[in-house]
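Start from the sequences and build out the full structure, keeping to the hints where you can.
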Amino acid sequence: MNAMDVIPYQQEAYYVFDRGYIGYARLYRIALHEAFFVARAKPNLKFKRMYSRKVDKSAGVLCDQSGKLSGIRTAKLYPEKIRRVKYYDAETKRTFVYLTNCMELAASQIALRYKNRMVSYCD
Numbered sequence: 075m076n077a078m079d080v081i082p083y084q085q086e087a088y089y090v091f092d093r094g095y096i097g098y099a100r101l102y103r104i105a106l107h108e109a110f111f112v113a114r115a116k117p118n119l120k121f122k123r124m125y126s127r128k129v130d131k132s133a134g135v136l137c138d139q140s141g142k143l144s145g146i147r148t149a150k151l152y153p154e155k156i157r158r159v160k161y162y163d164a165e166t167k168r169t170f171v172y173l174t175n176c177m178e179l180a181a182s183q184i185a186l187r188y189k190n191r192m193v194s195y196c197d
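Read left to right, the sequence shown gives residues 75 to 197 (my numbering).
In short, the hints are calculated from the structure, not lab data.
Using N, Cα and C, we set each Cβ at its ideal position, and we do this for glycine too.
Please note: incorrect hints may appear among the correct ones.
Result set (DSBU-like, lysine-lysine): computed pairs, CA atoms no more than 30 Å apart in a straight line [as the list claims (entries may be wrong)]:
{"no.": "1", "residue 1": "K116", "residue 2": "K128"}
{"no.": "2", "residue 1": "K167", "residue 2": "K120"}
{"no.": "3", "residue 1": "K128", "residue 2": "K150"}
{"no.": "4", "residue 1": "K120", "residue 2": "K150"}
Derived CB-CB ranges, DEER-like [unchecked claim]:
{"no.": "5", "residue 1": "K128", "residue 2": "G97", "range": "27 to 35 Å"}
{"no.": "6", "residue 1": "D163", "residue 2": "R123", "range": "27 to 35 Å"}
{"no.": "7", "residue 1": "M177", "residue 2": "A133", "range": "13 to 21 Å"}
{"no.": "8", "residue 1": "L106", "residue 2": "K167", "range": "31 to 39 Å"}
{"no.": "9", "residue 1": "S140", "residue 2": "E86", "range": "15 to 23 Å"}
{"no.": "10", "residue 1": "A164", "residue 2": "I81", "range": "31 to 39 Å"}
{"no.": "11", "residue 1": "Q183", "residue 2": "Q85", "range": "13 to 21 Å"}
{"no.": "12", "residue 1": "R127", "residue 2": "E86", "range": "17 to 25 Å"}
{"no.": "13", "residue 1": "S132", "residue 2": "Q85", "range": "29 to 37 Å"}
{"no.": "14", "residue 1": "E165", "residue 2": "P82", "range": "30 to 38 Å"}
{"no.": "15", "residue 1": "L106", "residue 2": "S144", "range": "18 to 26 Å"}
{"no.": "16", "residue 1": "H107", "residue 2": "E165", "range": "28 to 36 Å"}
Structure, rendered in structure tokens:
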């Protein structure tokens with residue numbers, strides 16, 4: 075998690091983190107750099123839904139919501155709207171919950187970014 079403090083975040087880049095690396099102030103810093111993050115949510119996440127988007131359940135997306143963190147401390151550390159995507163991975167038969175500040179990508183693309191986090195591409 076401490077490495078998040080020294081990463082030179084680039085505008086419009088995507089950074090993907092596992093839930094063990096979630097630090098809400100650090101995620102907010104990424105958002106302030108106009109970069110994007112996708113992170114697995116912790117099980118004790120306190121989230122207040124403001125609105126929901128339609129989802130394609132056949133693609134594994136169970137919900138796609140925008141709202142705010144509602145924990146006393148976390149709401150102060152990340153004061154902006156955030157997106158929560160719940161996804162069922164049929165391959166592993168597991169359900170995942172992701173947090174992101176990217177509001178434009180389809181929910182299935184958010185899940186795919188996390189799933190492929192360890193894959194590197196070469197031109």
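Do the hints match the structure? See the list:
1. K116 / K128: holds (24 Å)
2. K167 / K120: holds (25 Å)
3. K128 / K150: holds (29 Å)
4. K120 / K150: holds (13 Å)
5. K128 / G97: 27 to 35 Å: holds (32 Å)
6. D163 / R123: 27 to 35 Å: The hint (27 to 35 Å, Cβ to Cβ) is violated, given that D163 and R123 are roughly 22 Å apart.
7. M177 / A133: 13 to 21 Å: holds (18 Å)
8. L106 / K167: 31 to 39 Å: Check passed, 37 Å falls within 31 to 39 Å.
9. S140 / E86: 15 to 23 Å: For E86 against S140, whose Cβ atoms are near 20 Å apart, the range 15 to 23 Å holds.
10. A164 / I81: 31 to 39 Å: Holds, at about 33 Å.
11. Q183 / Q85: 13 to 21 Å: Holds - the Cβ-Cβ distance for Q183 and Q85, about 19 Å, lies within 13 to 21 Å.
12. R127 / E86: 17 to 25 Å: holds (22 Å)
13. S132 / Q85: 29 to 37 Å: holds (34 Å)
14. E165 / P82: 30 to 38 Å: 34 Å Cβ-Cβ, so the 30 to 38 Å window holds.
15. L106 / S144: 18 to 26 Å: holds (21 Å)
16. H107 / E165: 28 to 36 Å: The hint (28 to 36 Å, Cβ to Cβ) holds, given that H107 and E165 are roughly 33 Å apart.
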